[in-house]
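*Asks:* What follows is each chain in one-letter form.
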Amino acid sequence: MKKKYVFILSFLFVINYTYGQNKNISFFGLHRTPINYTTLRGNAVSGDTISNKQGTGGFTFIDLGIVGKPSDKISATAIMRGKNEFGAFFNTGASAEIRQITLEGTIADKFAFQVGDIDIGLTPYTFYNNDEIYNTYEADIFKIRRDVVHYENFNNGNKWRVQGFDASTKAALNKKILKQISFRGFATRSRANNQQLPTTTLYYLNPDRLLVGGKLGVIQSKYFKTSGNLVHFFDITGTSLDSSYSLKNTVLTNDFEVMFLDKQIKMGLRGEAGQSFYRYSERYPLREVNKNDYFYDASLFVKNKKIKLEVGYRNVGPQFYSPSAQSLRIINEISPSMFPTVNMGNNARVQTLLDRVTDLNIYNKSITQRLMPFLPQYGNVQPYGIATPNRSGFTANISNTQDSLMNFEVGADLLSEIVGEGSFSLRKFTSLRAGNQLNLYKLINTKRIIQLRGAARMENTTRSGSVPVNFKSLLVDAGALFEIAKRFDFSLGYKYLNASGNEYLAIRDDFNDITSFNTFEMKSSQGWYTVGLQYRIANNSIVSLHSNLLAYQNKQDAMNSFNINQIFLFYSLGF
Amino acid sequence: MLRSDLKTYSILISFCIIFVSCRDLKKNDVIGPKLEVSPNFKLLEPFSFNLSIADFQNYDTVWFNALFSEKAYWKINLRGLNSGAQTSFSGYSEKLNASSARWYGKSKPPIKFETSERVVAELEIRGHETKYYDTITKITNFRLDGAGNSLVNDFSFYDYGASEFFFLINTDWSEHPDMPLQKISLDVSTSAPAMSYLGSIKYLAKERNPSKPYYLLQDQNYDPKEVYLNLYVLGYGNGNNYIQFNLLEDDNNDQKFEGNKFDDFYIYDLKLDWIGWKLVSIPYSSFLKSGKGNGVQNPKSLMGVEVIFHNKWFPATTDHYNTSISFIIISPDGPLSEFSKN
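So the protein sequences, as listed, match chains A and B. Residue 176 in the working numbering sits at position 176 of the first sequence, with consecutive numbering throughout. Residue 182 in the working numbering sits at position 182 of the second sequence, with consecutive numbering throughout.
It should be emphasised that the hints constitute simulated quantities derived from the structure, not laboratory data. Please read these numbers as outputs of a predicted model, since none were measured by experiment. Keep in mind that a hint or two might mislead.
Lysine to aspartate or glutamate pairs mimicking EDC-like chemistry, simulated, CA-CA at most 20 Å apart [as the list claims (entries may be wrong)]:
1) B:Lys256 - A:Glu333
2) B:Lys256 - A:Asp117
3) B:Lys108 - A:Asp557
4) A:Lys365 - A:Asp48
5) B:Lys256 - A:Asp359
6) B:Lys261 - A:Asp509
7) B:Lys256 - A:Glu152
8) B:Lys26 - A:Asp208
9) B:Lys108 - B:Glu94
10) B:Lys112 - A:Asp140
11) B:Lys256 - A:Glu85
12) A:Lys365 - B:Asp24
13) B:Lys108 - A:Glu521
14) A:Lys53 - B:Asp254
15) A:Lys442 - A:Asp403
16) B:Lys261 - A:Glu85
17) B:Lys261 - A:Glu152
18) A:Lys83 - B:Asp254
19) B:Lys34 - A:Asp557
20) B:Lys108 - A:Asp63
21) B:Lys27 - A:Asp355
22) A:Lys248 - B:Asp29
23) B:Lys34 - A:Glu333
24) B:Lys292 - A:Glu521
25) B:Lys71 - A:Asp557
26) B:Lys261 - A:Asp117
27) B:Lys106 - A:Asp557
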């Protein structure tokens, strides 16, 4: 433990000394302290002498970033974290670690590059970290909680945090045929081999797994632009003593945008099409599977300064596999880390809305070859984002184009399976969503923020035939923010999720083949009520106190219903 | 728009159409095993209990028999005619037998089956309208320390969900000489090691205590010198065969095993140089440390056991070795004593 503090002090000393010697060094940092006191009540733990029913949790950390910039062509950033779990000072909960090391710069003013811990994203079909649930118009008070988890898990927008390099260049041609051409390439190691671990043959099986790709973009004019995208996810056999299996998954796509009209009203066509080539083999027993499939997605859009309308059609093949666009942000098959069991330890507690917004440990940081299991109540229509395999149909979306008194969106997806899962009958999917943010302070012309938010998403899945499916869910968001004194906010938030019906959940093996189905039946509702006070110390610094109540009602089995009460105190200081 | 733009765009679209012309599956294909049976589905052998009267206290084990005309998803619902207690079993197979599902008298909480109660079993076949029935008379309640649940009965790979791998024994096994050993076969038929994973450890062996017949391993801190991994192993006298046990600890308590980051695992290689069944008891403290956890042996953090059957000298692909294991039990207070078997 002492070593950690010696490490921190040494680091601070080096910073101080270096800063004194060199003005090309700059610093930034973030200090956060989330603390909660939480209780679990209800039928699920009534008389339960084994499951935990209350607890406090929290930690404090400081991320210190140092940026060395010897010239304007290159810079190196290191972020070091000192962290203490509450109740574990000078004990096992304290830790010091390097959170990020990145080198970035330009070569000959032509090539930009990044090396180290980098965030990468391409298109929604190639490299995309999908949102865990529809949350665009959720209450501000929930966004504070979500931001904590996203920061901890490196969920920077829809990009994936990876380790490797990323380089790009572009050339402005200013010619009639081509206006600009750009190129980007990246290579990352998504998993290291584990042969360095001693003794057991079990741990000799993982070879290095790399993820490489790139983008070649062309802007022909303001009327037409296109790009080719490549992502190759593969194992390097031979990097472990016993390369018992090998993966190669290549996704090649082309995206484009054509403008028909570019005046006050803009109109055009945009889309993406491509193919995946999946090959996975195992030596014991010898088996090799090859699956190739394609997708296309095109939409017509019309927009002016205030509003945008987009109508599209897409077809994503049942065997279209794009791991870096289909890996889930949340691991759905594990129990929450807070109160993992109920009913005398006999049942795992289900993940609730509160867990999925606040539990650091259920978030996934890695790209997985296999389609991960999902929970249909949180999204059954497109569980893997718009790259969800085996979907075709129409989509539509209307939204405003600039921040105004009222920001809104209304959208719909009317989809169907392309090939049946376990049945010749095809599932039909309907998803309707609407969200709204009303900036009342603009209406009454005051500088104090008064904001109302609301959203709803309804999903419906049906299948006829001898193995029918009928599954519905309704997600509702509501929230309000009142700046009752300067920088001092009073916030309200409400989330509601109702899910009922039956589904058949696919169980997949390492080859992404469906080997069986789990019968899934649910009739449950959950409501999350929260109220809070928040003081904005500065633009990136807040202190906040929330009171939460989550009521989970299992309507099939009342013995699995429970309530969670939580007091949450949060302090965040950015500098 | 310029004419040349249209031309460029047309070429690109044509390229895309050619590019995406490959899809392995056709519209009338089905992904995964079929959930529905064919219209000609029938029972080739009737649905029935193996017993007409079940005395669980005397270690009767109840299962179901049936033979289907094709592989099917089935569900058996049991309902007590007096109590209304219920439980169910489901699976996907071509027949029902002792290995498909076993009933030891338990029900889903909160209602329990009554003694001397008639229980009706209803067999549903997914996608098939007809249901099939049989009844049994249950004359005693189940006992937690009975047969069946105490056995390792499945080596499902990475089956974290199963909770019945480890069970108390709070009984003198010599009282039950008729209880057969149920075995799990492990074999090595190629140069690859045979591997199996046992799921989460939940129950511990402990002294007889009817009010609380089992203990959660996670409940308290046990001395690694007193905690034993016990099991029966069938040896064939081949001194090159080993079973490697890995005890996986969840040192950072995140419900995941991360041996290359945060967690320890402890290894023991057991040489199978005897012939016949033998009770083996290995103290936790004699396992060798590996992994990257806190470096402290802590049975409270134990979250799973890996069992790997391997041959030190990788055999030729034509060679074939096997062994069997049974009654894997974690005991917190010393090794288990031998019990009778046949």
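*Asks:* With a cut-off of 20 Å on the C-alpha distance, tell me whether lysine 34 (chain B) and aspartate 557 (chain A) pass.
*Replies:* Roughly 29 Å separates the two Cα atoms, so the pair is violated.
*Asks:* Tell me if the straight-line CA distance from lysine 256 (chain B) to aspartate 117 (chain A) falls inside 20 Å.
*Replies:* violated (24 Å)
*Asks:* Would the pair lysine 256 (chain B) and glutamate 333 (chain A) pass a check requiring their Cα atoms to be no farther apart than 20 Å?
*Replies:* Holds. Lysine 256 (chain B) to glutamate 333 (chain A) sits at ~11 Å (cutoff 20 Å).
*Asks:* Are lysine 261 (chain B) and aspartate 509 (chain A) close enough, with their CA atoms no more than 20 Å apart?
*Replies:* Distance of about 25 Å is beyond 20 Å: violated.
*Asks:* Keeping to a limit of 20 Å between CA atoms, is the pair of lysine 108 (chain B) and glutamate 94 (chain B) held or broken?
*Replies:* Status violated; Cα separation ~26 Å.
*Asks:* Tell me if the straight-line CA distance from lysine 106 (chain B) to aspartate 557 (chain A) falls inside 20 Å.
*Replies:* holds (17 Å)
*Asks:* Check the hint pairing lysine 365 (chain A) with aspartate 24 (chain B) against an upper bound of 20 Å on the C-alpha distance.
*Replies:* violated (31 Å)
*Asks:* Taking 20 Å as the top limit, are the C-alpha atoms of lysine 261 (chain B) and glutamate 85 (chain A) close enough?
*Replies:* At roughly 18 Å apart (the allowed maximum being 20 Å), glutamate 85 (chain A) and lysine 261 (chain B) satisfy the hint.
*Asks:* Can you confirm whether the C-alpha distance between lysine 292 (chain B) and glutamate 521 (chain A) stays at or below 20 Å?
*Replies:* violated (40 Å)
*Asks:* Against the 20 Å threshold, does the CA-CA distance of lysine 261 (chain B) and glutamate 152 (chain A) hold or violate the hint?
*Replies:* Roughly 17 Å separates the two Cα atoms, so the pair holds.
*Asks:* Would you check the hint for lysine 442 (chain A) and aspartate 403 (chain A), treating anything up to 20 Å between C-alpha atoms as holding?
*Replies:* holds (11 Å)
*Asks:* Is lysine 365 (chain A) within 20 Å of aspartate 48 (chain A), Cα to Cα?
*Replies:* violated (34 Å)
The structure shown violates the earlier hints numbered 2, 4, 6, 8, 9, 10, 12, 19, 20, 21, 22, 23, 24 and 25.
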